[in-house]
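The listed protein sequences correspond, in order, to chains V and E.
The opening position of the first sequence corresponds to residue 1 in this note's numbering, with each subsequent residue numbered one higher.
The opening position of the second sequence corresponds to residue 1001 in this note's numbering, with each subsequent residue numbered one higher.
Honestly, the hints are just simulated from the structure, not real lab data.
All values reported here derive from a predicted model rather than from experimental measurement.
Keep in mind that the hints are not guaranteed to be accurate.
[Said to hold, decoys possible] In the EDC-like style, the derived pairs of lysine to aspartate or glutamate whose C-alpha atoms are separated by at most 20 Å in a straight line are: (1) E:K1305 with V:D4; (2) E:K1021 with E:D1002; (3) E:K1305 with V:D6; (4) E:K1193 with E:D1149; (5) E:K1304 with V:D6.
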Amino acid sequence: MNFDYDEDQRALADTVQRFVAKDYGFEKRNAILGSNAGWSREVWQGLADLGVLALNIDDEHGGLGYGPVETGLVMRAFGAGLLLEPYLASAVIAPALIRRCLPAKRNSRHAEPASAEFCFEWLPRIAAGESIVVLAHTDARGETVTETKGRLSGRKAVVAHGACADLLLVSARLADSSIGLFAVAPDASGVTLRDYPTLDGQHAADIVLTDVAAVKLGAGETATKAIDAALDIGLAALCAEAVGIMEATVAATTEYLKTRQQFGQPIGRFQALQHRMADMLMHQEQARSMSYLAALHCTDENQTARQRALSAAKVTVGQACRFVAQNAVQLHGGMGMTEELIVSHWFKRLTTIEMLFGDTDYHLQRFTALSQPVARAA
Amino acid sequence: MDLNFSPEESAFREEVRQFVKDKLPSHIRDKVMNGESLTRDDHVLWQKTLHVRGWGGPGWPKEFGGPGWTPTESYIFDEECAKGCAPRLISFGLKMIAPVLMAFGSPAQQQRFLPKIMSAEEWWCQGYSEPGAGSDLASVKTRAVREGDYYIVNGQKTWTTLGQHADWIFCLVRTDPEVKAQRGISFLLIDMKTPGVSVRPIITLDGAHEVNEVWLEDVKVPIENLIGEENKGWTYAKFLLGHERTNIAGIGIAKRELARLKRIAEAEGKLDEPLFAARLAQVEIDLMALEITNLRVLSAEHAKKAPGPEASLLKIKGTEIQQNIAELMMQAAGPYALPYKQPDVGPDYATHLGTGYCNLRKLSIFGGSNEIQKNIISQMILGL
């Protein structure tokens, strides 16, 4: 048992932390935030040059073949800098999904040749930063995306970074009511895409599909399992991002309490605020513990054990997100309410994270459901 | 990054588990499992059993007769003993005065006292709190005045846990009333049989006799029972408070009680109630997180990293979790948690749930109240 990172991992963390500190300062981020696209291709290329876009892609497909622990380190560093680029969507979730839907080896006996080609076509491009691939999974209420004879219709809601995708991976209900996963070109005929910023400054899109041509990547259990697995890997990465933001937020709030003077003394002398600070730190530490658990369990084969651990992690992290975000703004007083301080931006991303990949209530319920047989047996 | 225990550690866990299963008398196990209070004999019997096995001083280094375990092994030992429903070790001797003796005691004191702690021949209690010195411990007023080869001690200690069983008490006493509070304190070991020592029970809200007042009236204490130097007692007291980090969270006890909660909830059909099930899930998740936080602290201890605010975090979260579990158990049992000391009314498992809930309110008060722990945390991060 150890909680240390090896030399390789520390070097990776250093690299990304330096990148965030040097090339992703608050002003630079604000400029990107104010741009139409809401993300920077230059930054994306910079990340490709660092190699971090290749992290989750195996070497066979032009990647580095790292895992969730390294991804967590990178996400934690990005968290502090509030990266606006589609790292989680394209460099973490999409590769996990493609690899799980499609055969590993080009000449594998069980492989459908067209599918293997798909891996070799897209994974190296993701790794090199040439293409952005995004999963569009959540249906708009009452507008489920369905497949008929290889063509998709319906509407996907709030697809993270949908508008910057060069390829969309779209889940759809098949005629036999199982789930299929399809590749859709965003510029295909019948795709209407509405791009907008979300609360946290990142971009998302609603995507309306009207009889759109699509390539089937997987169906039935293969597709559902692949989507679940990719989302679980994404959830673990999201937890790490949240921890990075909380660490930055707690540190900044600590500093503010030491320097802000009222009643002739630093406000950190007041016990009401001290105890709030202690509570924030405890939330942060419990969330950090659970982000480790999430990273180490997000690739478990046993789905029940895996999702139970991930739900527990998301509950802890989600509650910590809310508590740390709200109290950081509270302890910064009026200044916490302004756009001028990064604290309010951390607040908005933490608020968003709590709601992504299932909110606290959803995961508390899922944990309960997954625990029931265990509880009965105890 | 690896959350798994080593094969050696897992084998050790298995060994402890088997030992507890084989050697713990069933009447003691049943009492612990059902939250009943234990007698002095129960505690002594278990301590002697451990001592025979060479585990009488868990956490002690080899040079003092301990097994020389790593912090992780001590943690595993505590967890398995708790899960196997063994009595909680009487920490006042084993985990409080013993480390102080090892660090600051004279060789004569070490030889005199340590072996009998391990063999359960002598029972220790703690003389820290006073009526006017609770959270503000440095304001202790019990006075020790040097007269020849003795200190003459006068004062009153309180909240003395299991003092009714004790042979010895370690006390913070004031030897210099003229200087700043922390500077004039000394650390004395007092034989409870000395004339002038009297113990009076305090009955707590659950009707139990766990804590006591200890009155000291012209008690003659030989000067060789002073630990370290006169007026340096506060240093030793602080060392003691910061010493125990590996088991402060009580993970093993919480796991055992969570399993008990699930059995009761199952029997009462509460698992199908969404609100109850959500509260149960919440406490289980909190415990999962705390277990990993505890393992992180252990891991840092192995690496000899300087302690931060984590001992306080473990204390706060660990006690909150145990209190939550006790609260949920009482609620799960419903009305039959209410009959007071009536073992023949309602289901067996319900008998001690009301009083158990009441009793565990102590957890967030003792050992440095949870508010004091938050002061410590903010002191460490803010330094104001």
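Consistency of the hints with the structure:
For a cut-off of 20 Å, the pair hint linking K1305 (chain E) to D4 (chain V) stands: about 12 Å separates their Cα positions. A C-alpha spacing of about 29 Å is found between K1021 (chain E) and D1002 (chain E), which places the hinted pair above 20 Å, so the restraint is violated. Only pairs whose Cα atoms come within 20 Å are accepted, and K1305 (chain E) paired with D6 (chain V) is accepted, the gap being roughly 17 Å. Between the alpha carbons of K1193 (chain E) and D1149 (chain E) the distance comes to roughly 19 Å, so the proposed pair stays at or under 20 Å and holds.
A distance of roughly 18 Å separates the Cα atoms of K1304 (chain E) and D6 (chain V); the hinted pair therefore holds under the 20 Å criterion.
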